[in-house]
Amino acid sequence: MADKGSNRSRGSYRTAGVPVSSLLALFAHLLFIAITTLLLVWLLHFRDGLSFTSTNNLKLFNLHPFFMIIGFVLISGEAIMAFTTIPATRRTRKYFHMFLHFVGLGSSIVGLFAIFKFQHDTGKSNLLTLHSWIGISTVSLYALLYIVSFLVFFFPGAQNWRRARLVPWHVLYGIAVFFMGIVSAETGLIQKFIALGLQKGQEALIVNFTALLLLLFGISVGLVVLLPVSYY
Numbered sequence: 000m001a002d003k004g005s006n007r008s009r010g011s012y013r014t015a016g017v018p019v020s021s022l023l024a025l026f027a028h029l030l031f032i033a034i035t036t037l038l039l040v041w042l043l044h045f046r047d048g049l050s051f052t053s054t055n056n057l058k059l060f061n062l063h064p065f066f067m068i069i070g071f072v073l074i075s076g077e078a079i080m081a082f083t084t085i086p087a088t089r090r091t092r093k094y095f096h097m098f099l100h101f102v103g104l105g106s107s108i109v110g111l112f113a114i115f116k117f118q119h120d121t122g123k124s125n126l127l128t129l130h131s132w133i134g135i136s137t138v139s140l141y142a143l144l145y146i147v148s149f150l151v152f153f154f155p156g157a158q159n160w161r162r163a164r165l166v167p168w169h170v171l172y173g174i175a176v177f178f179m180g181i182v183s184a185e186t187g188l189i190q191k192f193i194a195l196g197l198q199k200g201q202e203a204l205i206v207n208f209t210a211l212l213l214l215l216f217g218i219s220v221g222l223v224v225l226l227p228v229s230y231y
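For what it's worth, numbering that gives the first Met the number 0 labels the leading residue of the sequence shown as 0, then goes sequentially.
These aren't lab readings, by the way, just hints derived from the structure by calculation. Hints are not guaranteed to be accurate.
In silico DSS-like links for lysine-lysine, alpha-carbon gap of 27 Å or less [to be verified]:
no.	residue 1	residue 2
1	K116	K191
2	K191	K58
3	K123	K191
4	K116	K58
5	K93	K199
6	K58	K123
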């Protein structure tokens with residue numbers, strides 16, 4: 000009886016026979032492409048480009064939103080969805096989930112390095128804004144979650160009952176940190192929008208649409224996790 004009820008529940012989240020979670024995952028993937036495209040257009044066309052070694056410090060600064068938005072927020076969102084949307088064995092999904100989070104963690108470290116180096120090279124102080132406080136807290140919690148998750152879910156000596164008890168907390172903690180990343184990215188874009196004095200024009204529209212699509216991406220990822228998995 001429980002299985003039948005579960006199947007009815009899963010079946011109710013369908014549109015023309017397609018699981019809603021699958022449609023949301025597809026929508027999130029499309030948002031990934033759109034956000035990446037808008038961000039690259041903004042940084043490469045309007046903001047001088049990207050470089051670690053250029054004498055133009057603005058190119059160094061641009062690496063911060065590049066790695067934090069694409070490498071950290073978007074990739075971590077894909078990592079979250081990968082565990083429930085990839086039609087593969089649980090073991091394969093788990094490894095892919097962990098690998099994408101590793102990429103996200105590495106990107107966040109590079110993104111922080113870029114902004115701290117920019118602040119140092121330009122003689123500016125660090126960690127003075129709400130954006131910076133949320134950002135550094137998010138990366139710290141993300142790194143802590145990754146380390147603990149690796150020890151609990153990948154370390155051979157971890158007990159299965161302990162893993163099972165920690166799964167709900169792992170999911171809750173992960174979603175919370177992911178949305179902290181979304182908030183950090185949004186406040187960063189707002190801060191840059193104001194600093195550049197943008198009001199109207201193509202650049203202003205690109206920054207605003209990037210922020211709007213980031214919000215939609217976060218909502219989509221959250222719904223994919225909440226709704227029944229698509230490969231059932």
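Checked hints:
1. K116 with K191: With a Cα-Cα distance of about 17 Å, the restraint between K116 and K191 holds, given a limit of 27 Å.
2. K191 with K58: holds (14 Å)
3. K123 with K191: holds (15 Å)
4. K116 with K58: holds (12 Å)
5. K93 with K199: violated (45 Å)
6. K58 with K123: With Cα atoms ~16 Å apart, K58 and K123 stay inside 27 Å; holds.
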